Amino acid sequence: MSTPRSLELQAGVQARRLVTTRGEFACLEAIPAGWDPSVRGSAALLLPGWTGSKEDFLSVLGLLAGPGRRVVAVDLRGQYETPGPDDASAYALDELGADAVAIARTIDAGPVHLVGHSFGGFVARAAVLAAPDAFASLTLLSSGPSGIRDLKPQESDLLRMMIDAIPTQGLGAVWEAKRAIEVAQGQPAPAEEIVEFLQARFLANNPTSLRVITQHVLEAPDLVDDLAKVDLPKLVAYGADDDGWAPELQARMAERLDAQHEVITGAGHSAPVDRPMATAEVFTHFWDEASQP
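Numbering-wise (the UniProt record's numbering), the sequence shown opens with residue 1 and increments by one.
Keep in mind the hints are simulated off the structure, nothing from the lab.
Restricting the straight-line Cα-Cα distance to at most 16 Å, the calculated cross-link-like pairs of lysine to aspartate or glutamate (EDC-like) are: (1) K152 - E219; (2) K178 - E196; (3) K178 - D164; (4) K152 - D243; (5) K152 - E248; (6) K229 - E255.
Pair by pair, the computed Cβ-Cβ distance ranges are: (7) Q199 - D258: 39 to 49 Å; (8) Q199 - E155: 17 to 27 Å; (9) G34 - T106: 17 to 27 Å; (10) E155 - D222: 11 to 21 Å; (11) D87 - E219: 11 to 21 Å; (12) E155 - P190: 18 to 28 Å; (13) K229 - P83: 33 to 43 Å; (14) A33 - D133: 22 to 32 Å; (15) M277 - T106: 21 to 31 Å.
None of the values given here were measured: they were computed from a predicted structure. Glycine included, every Cβ here is placed at the ideal spot set by N, Cα and C.
Using the sequences provided together with the hints, build the complete structure.
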């Protein structure tokens, strides 16, 4: 989960709903003055991770739009302010990937740069495997080659408990238990307005969506070899202190993908929050190179 440090919209960033062939998606977007959708690589789509939302990218949207790109961050289906059904099959990775493809085509700027943070990386790779022509590049940010089931046994046990508790105890009880664990682990408490936002965001999730996404975080298969065959510029980036997927695991994934590889110093699992300027510079440099004919 990412914890924004501010909820203030930067100048030029607006909240709206994006209407696609697969439904409406809540988004935050920055459209620079004079934006030209006919320019190759002139738009980017950012996908958040587990228990996250479009607000995870608040601190970088304006920075990324500065060079002239339209930048769109969304809530995934069933996540925070984007509605979703109670049918578990609606949250299969292929379904979520198809949503990302539909959003990219709705942006209507030709192929767009795609970023998937953490679990959002699983959605991004599903989208690229399904429709590589919709994208100008792929960035996997603090994401891994597969689920964490066999990588982090203690965290896996907690996530399994969460999966079981959501349908029986409800999101409110799961939130309280989650917060108690975080306090017991000594995690610093954010400002009161941020805690209120985090709680509201968590409780706004469709329970079925959150349960299935948690299962994906645990059990998503390794599709790196399939993804490596897609002829698309790729970047693997992560914070030097990432506590999600281990940095060395992500480095090996970059090698398997023959992808560019960037380590963002001074950042953990949520580089856009921890080091917004450095993160924006990494993305912009990669996108500029990937946009060359």
